[in-house]
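Participant: Take a look at the letters that make up each chain.
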Amino acid sequence: MTVTMEKPEPRAAGPLAPRNLWAAAATSYLTIVLVVLVVALPLIWMILASFKAPSELITTSPSLLPDSLAPTNYVEAARRAPFGRFLLNSVIVTAIGAGIKVILAIMTAYALVYVRFPFKNLIFAGILATLMVPPQVSVLPNFILISGLGGANTYWGIILPGLGTGFGTFLLRQQLLAIPKSLTEAAEIDGAGHWRRLWSIVVPVSAPTIATVALVSIVFEWNEYLWPLVITSDPMMMTLPVGLNALRNSESSALGYPLLMAGSVAIIVPVLIVFVALQRYIIAGLTQGAVKD
Amino acid sequence: MSVSTAKSGEAPIDDPPSPSVSIRPTRFGPRERRDFLVFLAFAGPNILLIILFSYRPVIQNIQYSLLNWTLGSSNATAIGIGNYVEFLTSPGTLDILRITLVFTLVTVGGSMVLGLLIALALNRRIRGIGLARATVFAPYVLSGVGVGFVWQLIFDPAIGILGVILRSVGLSNPEWFRNPNLTLVMVIIVYIWKNMGYAAVIYLAGLQAVPKDLLEAASLDGASSSRTFRSVVWPLLSPTTFFLVITTILSSLQAFDIIQAMTPLGNGTTTLIYESYLQGFINTRAGYSATIATILFVLLVIFTIVQLRFVERRVHYS
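Chains as they are written, first to last, in the working numbering: chain A, 1 to 293; chain B, 1 to 318.
Simulated from the structure, these hints should not be mistaken for lab results.
What you are looking at is a predicted structure, and each value in this text was computed from that prediction instead of being measured.
Cβ atoms here follow ideal geometry from the backbone N, Cα and C, with glycine treated the same way.
Be aware that one or more of the hints could be misleading.
[As the list claims (entries may be wrong)] If you want the ones that stay clear, here's a sample from chain A, every Cβ over 10 Å from chain B, calculated: (1) 67; (2) 71; (3) 78; (4) 87; (5) 92; (6) 95; (7) 96; (8) 150; (9) 177; (10) 180; (11) 182; (12) 207; (13) 211; (14) 236.
[Said to hold, decoys possible] Covered stretches of chain B, as calculated for chain A (at least 3 residues, CB under 8 Å): (15) 36–45; (16) 54–61; (17) 193–201; (18) 253–260; (19) 279–290.
Let the sequences and hints guide you as you build the complete structure.
Facilitator: In structure tokens, the structure reads:
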């Protein structure tokens, strides 16, 4: 659609003509400031609201700052729902899920680049094509399979279906193809097998890409919603987003807002901290493949 | 094809179909057997998981779609294409398709136009630009559920800050959650808020790849900045635009978290993917849900093929 945007030349080129507005917007600091505010304000509002008492929030003239910074809502949320447990579940699912995913991606990429096997390109295409099969399409058959195997409300049931990775394999394969062959060949001549070549040469050399894949996987697993939503019904096995949804359903909407904001902070702020610290890697990983060289 | 057909000026090449041409000298020795096993051990688990949890469900959906089957029940009746007929003739279907189309077009168009605008603003070397870039991208990595709840508080007709702002300038705050047209607008706004940073960063990378000498040449020729953008920059960005069109349409068609968080019953926001979820897991109609999932998958495949075949040809590669 956007490819064919051949706009006709505007007749009047006054200061308010579309193309001049466009140019003005693009060159203005105001745009940057505006966009940063539009992005940041809702998140700041969330943090402020998470410290407000219901009476401060449920009003038609809300104040900007909360009366006190006591974590009342966090304590109350943890009293109404097992929030500590949600947090623990999220950490476990994220750590194990992302950890296994990264190892699978490294080993698959190594095999695709260094190990001789028939139809490797076809296999790679098959792995890559999974990116076109949305998880939402596969959720029902996976639910029937996993719950039939007794995986509902278990850690393995939450983690297992998402472990196969096309994205990580793709990124790491690109990286491995860029490693000079002389490095691994030297090790081969020294008698190192594939296992040793993988861990003592390929992995250390690829550390930045592995970090990227790991970070992206961690963020993805942490935010993952649809699958844990359908496969868990026991609050003790829910991850943070699923638990927060359960809390929302159990509270009358207006009174629940302070608790919901406390819960949203618990989901969003850890990712924000990781993102601020390591944004270079995360942005690189999530936008890889976009710009052809 | 290798049979000698003498072209003018070329000596006929005698190329009998000898086995040595097509078969590479790979005898299946111990080394090859070891490599074979190593490959299976290294890549096998990942491939198995992908087959089991990504490809098998596509086939299984087709099987389920031919059943009248309540989720969790042990009885299912084969009803042929009954579910497909029901979907195509159901009065709600047109609305679902309309919502899917509007949601996809507006979120894709909106995040790309805003993304390009932001990228143009960010494409300069000034202090703090890295921080601005990171801020704009940040919502993309945040939980859709958390983001949905935050915006639900902002949009709340009674106590939301948006209403306070609208009223302070003399406007009334509409019933965002009751009116099905407004729920769609609301969800679209939040989705664009969360995803425009992605388009912005991709466009920014595209802009930074535009050769400086081309821009200098254009300005020496006296081209205005908007003329330069239209005639030089925009054509060079077409691979980026093409990439973004494909990736953002695919992700818009898969949008779930924000829709579920803000409008759990899908009031006015029931896209194809959400209808499939509602039918499967709320109404427990497994067969009907699988039918919609299958239809969506076919649409995705058709769409991808069409994109690859027809759009890529019109893209200008530098």
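Participant: Look at each hint and say if it fits the structure.
Facilitator: Structure-based check of each hint:
1. 67: 16 Å, holds
2. 71: 18 Å, holds
3. 78: At roughly 17 Å from the nearest Cβ of chain B, residue 78/A sits farther out than 10 Å, so the non-interface label holds.
4. 87: 13 Å, holds
5. 92: Holds: least Cβ distance 17 Å, greater than 10 Å.
6. 95: Fine: 17 Å to the nearest Cβ keeps residue 95/A off the interface.
7. 96: 14 Å, holds
8. 150: Check passes; 14 Å lies beyond 10 Å.
9. 177: 15 Å, holds
10. 180: Its Cβ never comes within 10 Å of chain B, the nearest being 21 Å, so this holds.
11. 182: Consistent with the label, residue 182/A stays out of reach of chain B, its closest Cβ about 20 Å off (over 10 Å).
12. 207: For residue 207/A, whose nearest Cβ neighbour in chain B is about 19 Å away, the distance exceeds 10 Å, so it holds.
13. 211: The assertion about residue 211/A holds, with a minimum of 15 Å to chain B.
14. 236: Its Cβ never comes within 10 Å of chain B, the nearest being 19 Å, so this holds.
15. 36–45: As far as the segment 36–45 of chain B goes, the hint holds, because 6 residues have Cβ atoms under 8 Å from chain A.
16. 54–61: Check passed, 7 qualifying residues.
17. 193–201: This one holds; 4 residues, not fewer than the three required, reach chain A with a Cβ under 8 Å.
18. 253–260: holds (count 5)
19. 279–290: holds (count 5)
Checked against the numbered hints given earlier, this structure breaks none of them.
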